[in-house]
Amino acid sequence: MIAVNVSRRIKTYHGFSMLKVDRVFENGSITQVLGVSGVGKTTFLKMIAGLIIPGSGKIVVNQEVWYDSAASVNLSPQLRKVGFVFQDYALFPNMTVEKQLQYGTDDNVYVQALLDMGRMKPYVGHKPKELSGGQQQRLAILRALSTRPRIVLMDEPFSALDKVLRSVLIQELKVLIKVAGITCLVVTHDAFAAGEFADETFEMF
Amino acid sequence: MDWTPIWLSIRLSFITTLILLVIGLPVAYWLSLTNSVPKLILEAIITMPLVLPPSVLGFYLLLAFSPQNSLGGWLQKNFDVQMVFSFGGLILASVIYSLPFMINPVKSAFMQVPQSISEASYTMGKTRRQTLFHILIPNIKSSIFTAAVLTFAHTLGEFGVVLMIGGNIPGVTRVASIAIYDSVERMDYPAANNYSLVLFALTFIIVLSVFLVNRKLVKSPLE
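Residue numbers (the numbering used here), protein chains in the order written: chain A, 1 to 205; chain B, 1001 to 1223.
Be careful, since some hints might not be right.
Within a straight-line C-alpha distance of at most 30 Å, the following computed DSS-like cross-link-like pairs (lysine-lysine) qualify [to be verified]:
no., chain 1, residue 1, chain 2, residue 2
1, A, Lys58, A, Lys20
2, A, Lys99, A, Lys121
3, A, Lys99, B, Lys1141
4, B, Lys1141, A, Lys121
5, A, Lys129, B, Lys1141
6, A, Lys127, B, Lys1141
Because the hints were derived from the structure by calculation, they are not lab data. Since we're looking at a predicted model, the values are computed, not measured.
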C-alpha cells in the first residue's frame, strides 16, 4: 500500500501553484493518473520515486516511511528502487538493448523473458539511436521492470506505440504486473478504455 | 638539431594531461551537479588561466614556491622538494595553467546529458559513482578525448608560465617553446625554425585528429 499525503509548490507557466496529493494506492492495483498539462503529474511520480523532494508531508509504503518532512526522513531513490518509465525514455545511449536490461538484473532468463514480451529479441544488439520511437518506448518499459520492482511508475508509457502493438503490449504487461503483484501508477493524457489496463483512476486538479 | 627540448615538451604535456584527467573528471562532475555560490567561485578561479597573462600566473607561482618564501621553504625543508627551476615545478604550473581546458568542456558535456538518464540509473539502485562510471563517462567520452587532446596541445605550446617558474635549464626546463626563444636570442634562426616547424606540425596533427575523431561520431540521442 502506498499512502501519499504531500504538498509542494510547483512552478508552472502561469506562476507558482500548489501541488497537493492525499491518496492511498492499494497493493497490486493499476491506477491511471489523469490531469491537464502542468498540473504536476510527472512531479508527483518523481516524488514517490525520491527524485523530487516534496515540500512537506509523508509517503509511506507498506508500513515503511519513505518520506516524512516532520521527522526529516527521506529515503534515497536507490533504496526506494521503484521501476520508472520516463517520458523521454531516458535510455542509456552507450548500452545495447540487452545491456540496458542487464544493468538492472543478473538474471539472464528474466532478461530474455522481458525481451520476448516487448518483442525486442531481434534488436538485442542495437543501441537506442538505432531503434524507432516505439521500440525505444518498449525498451524503457522493460528496463523499468528489470529490477523486479514492487512499484512501477510510468509517465506516458504507450504514447509512441501504434494501436495494435499498444493493445498487445498492454495485455501482456497487465498480466506480468498482476502476477508479480506490482503496484502501478500510469500517467496518461489519453484515458484507458474501461478494463483495458487500469483498475482505478486518480484525477489530479 | 637537439631534440631534447621537444621530448621534454612532449613528456611535460603527457604527464600534465594524465594528472588533469585524474583530477579534472571528478571536479568537472562535481561542478556540473549544482550551481551554488562556492562552486561558481571555484569555477571562476579555474577559468582564470584562460584570461590571465601567463606571466602573472608564473610570477605568483615563482613567489609561492621560491625557497625564500613560506610554502617553497616548507616544501624544501620537509620534503627536500624544490619546485622552482625544476621539471616538477613545470608540471605543477602546467596543471594549473591547463585546468580550464580540461574541466570546462568536460563539465559542459556532463551538463548536456539529460538529468533523467542519471535518474533512471538511481531508480535502478545504482549509486552516483556507479552511474558516473557506467553511464555518464561512457556517454561523454568524445568530449573527454577532445579535452585531453586540447590540454596536451595547450601544454605543448605554453611559454610564459614555463619561463617564469622553470627558467631555461637545458635538459630540465628548456622545453621547445623556450628553446625557440633562446635560439632567437642567440640569433640562431635555423634552430628556431626547426623547433617551430616541429611544434607547428605536432599541434596541427593533434588538432586535426580531434576534428577527424569528432567527424566520425554518429549523432547521439544526447544531441
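Against the structure, the hints come out as follows:
1. A:Lys58 / A:Lys20: Cα-Cα ~12 Å, so holds.
2. A:Lys99 / A:Lys121: Given that 30 Å is the threshold and the Cα spacing comes to 13 Å, the pair holds.
3. A:Lys99 / B:Lys1141: holds, 18 Å
4. B:Lys1141 / A:Lys121: Given pair Lys1141 (chain B), Lys121 (chain A) holds - Cα atoms ~28 Å apart, limit 30 Å.
5. A:Lys129 / B:Lys1141: Measuring from Cα to Cα gives roughly 17 Å; hence the hint holds.
6. A:Lys127 / B:Lys1141: holds, 16 Å
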